[in-house]
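Novice: Heads up: the protein sequence lines correspond to chains X and Z, in order. Counted the way my numbering counts, the first sequence spans residues 1 to 180. Counted the way my numbering counts, the second sequence spans residues 1 to 387.
By construction, these hints were calculated from the structure, which means they are not laboratory data. We treat Cβ as the ideally placed atom computed from N, Cα and C, and that holds for glycine. It is possible that part of the hints are untrue.
[To be verified] Quick list of the computed label-pair ranges, beta carbon to beta carbon: (1) Ser251(Z) / Thr56(X): 31 to 37 Å; (2) Arg83(X) / Leu47(Z): 28 to 34 Å; (3) Glu109(X) / Asp320(Z): 47 to 53 Å; (4) Leu29(Z) / Asp168(X): 24 to 30 Å; (5) Tyr50(Z) / Phe161(X): 41 to 47 Å; (6) Gly271(Z) / Asp168(X): 51 to 57 Å.
[Unchecked claim] Which bits of chain Z does chain X cover? Going by a derived footprint, with three or more residues having C-beta under 8 Å, they are: (7) 141-154; (8) 160-173.
[Claimed, not checked] Here are a few chain X residues that sit away from chain Z, every Cβ distance over 12 Å (derived from the structure): (9) Leu5; (10) Trp7; (11) Ala42; (12) Glu53; (13) Tyr69; (14) Ala102; (15) Ala110; (16) Ala159; (17) Asp168; (18) Ile176.
Here is what each chain is made of, one letter per residue.
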Amino acid sequence: MTPTLIWILVVLVAVGLYLSWTAGRLDRLHARIDAARAALDAQLLRRASVAQELATSGVLDPAASIVLYEAAHAARQAVEEQREVAESELSQALRAVFADAAQVDAVREAPGGEEAALELAEAVRRVPMARRFHNDAVRAARALRLHRKVRWFRLAGHAPFPLAFEMDDEPPAALIERAA
Amino acid sequence: MRIGIVCPYSWDVPGGVQFHIRDLAEYFLRQGHEVSVLAPADDDTPLPPYVVSAGRAVPVPYNGSVARLNFGFLSAARVRRWLHDGSFDVVHIHEPSSPSLGLLTCWAAQGPLVATFHTSNPRSKAMIAAYAILQAALEKISARIAVSEYARRTLVEHLGGDAVVIPNGVDVDFFAKAEPKPQWQGDTIGFIGRIDEPRKGLPVLMRALPKILAARPQTRLLVAGRGDEEEAVESLPAELRSRVEFLGMVSDEDKARLLRSVDLYVAPNTGGESFGIILVEAMSAGAPVLASDLDAFAQVLDQGAAGELFANEDADALADAAVRLLGDPERREELRARGSAHVRRFDWSTVGADILSVYETVTAGAAAVATDDRATGLRARLGLARD
Chain X
1 MTPTLIWILV VLVAVGLYLS WTAGRLDRLH ARIDAARAAL DAQLLRRASV
51 AQELATSGVL DPAASIVLYE AAHAARQAVE EQREVAESEL SQALRAVFAD
101 AAQVDAVREA PGGEEAALEL AEAVRRVPMA RRFHNDAVRA ARALRLHRKV
151 RWFRLAGHAP FPLAFEMDDE PPAALIERAA
Chain Z
1 MRIGIVCPYS WDVPGGVQFH IRDLAEYFLR QGHEVSVLAP ADDDTPLPPY
51 VVSAGRAVPV PYNGSVARLN FGFLSAARVR RWLHDGSFDV VHIHEPSSPS
101 LGLLTCWAAQ GPLVATFHTS NPRSKAMIAA YAILQAALEK ISARIAVSEY
151 ARRTLVEHLG GDAVVIPNGV DVDFFAKAEP KPQWQGDTIG FIGRIDEPRK
201 GLPVLMRALP KILAARPQTR LLVAGRGDEE EAVESLPAEL RSRVEFLGMV
251 SDEDKARLLR SVDLYVAPNT GGESFGIILV EAMSAGAPVL ASDLDAFAQV
301 LDQGAAGELF ANEDADALAD AAVRLLGDPE RREELRARGS AHVRRFDWST
351 VGADILSVYE TVTAGAAAVA TDDRATGLRA RLGLARD
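Sequences and hints are given; from them, build the entire structure.
Specialist: Below is the structure:
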């Protein structure tokens, strides 16, 4: 009788340790998602700010300025549900405005334009990076959360199910090549 | 920024990953960052000041060949000590899925971890069995980098998730400014790589050589690399063997001069390449490139725009293309110009800045890298903690 009891106890402790370790893993993944999301937010905001700055600087022609200003403003003001669409539209606006290498050159020739072009090039390069890192974290967390042990023992607690951030983040080719 | 870099392979053995890490570390040092590289090395090997030895790597059979790996209690302790002493803002692990220092660092660290996946190995049996262990370690990595679109695809298929593509870097000017050597000029074809490694493709080139020499008898083939020279020319008719010159292992300087001198650089590799740094080096030196159409090569050569491609392992196609190119100086000049322009994106100034962008993206607002106490927490609670 006693040996059986001891075995049951050992198994229970082992299962408990394993579940606690899994919960730790999950907690770490959620923390990673939060950090990645904060980084993505920072990069998106930075891109919108640089775009807005350029739009109001008078370097671009009035039509391009308005298009860019509209898109940058909408991206910054968008509520959470509209964010992906608004940011995608900013990407499209940037691609439309900087479709020609000549436009990039024009910006660079203006006073202070060199720095502005560099800042924008850096921002449009980093948004896709930050988004990939975020979605990678989301994928890892989802894979673990869908596992039986996590669902049965409710190891995720009340944390919301992580969602990927889907948007069009293709940078304007002319801008990237000029900066490189 | 305080940057820690983990190199999985012995520092004293030359290899692509080691060179990549050396150049990357030196680029960051020039930019004014603090860098420490943790690498396996023999205790008596002279190391650059920024390299910390993780002890000697042990040769063990792994994945079909003998690999030199670091594992076990002592290595893990050294990794912990290095992480603790360094208090890095970011730790960059290379080849994290090989059971060596990279994986140990994943286990021992928490905080902003960046990892670069260099190889695109097909999934090994060991990796399938160890998938759960691997996944728990790899999911700590905040940012993954793949060296090519091809490497990224294998990574996504085998491990899931995603990665950004940042190519390997090359010091373009070092190759572009090398002095050509007159005795290596004049109707020469270059080949650099291990002679006795069939995947480097020298046998394919040897099969193509009689046809090339039949059309252009004045052509010479210059081969630089380790291996048995007798065995390499065995398949060649005796009278043609004098057209092949073996240069043995060459220094970096001679490699650059060789690439500057040849009329055509041929890369007949048959597989196992995830990037193709040698093609970038050849283009930097202004050598027209003719390469097999491996996925990785096609990508480096911009799908054939910056260099010509031939069907992999097809010696006839290789011979035809080589004869055509050797007889067409204008086309070679065009390839030179295109290659030199294309290769700028692989220069360290671009690649290093991109990698730094990744660091800045993951460190923004995050705490520094520390040893992961959750792994030791249990041991500490049971009173077994070392230190």
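Novice: Could you tell me which of the hints above the structure violates, numbers in ascending order?
Specialist: Numbers 1, 2, 4, 6, 11 and 18, in rising order.
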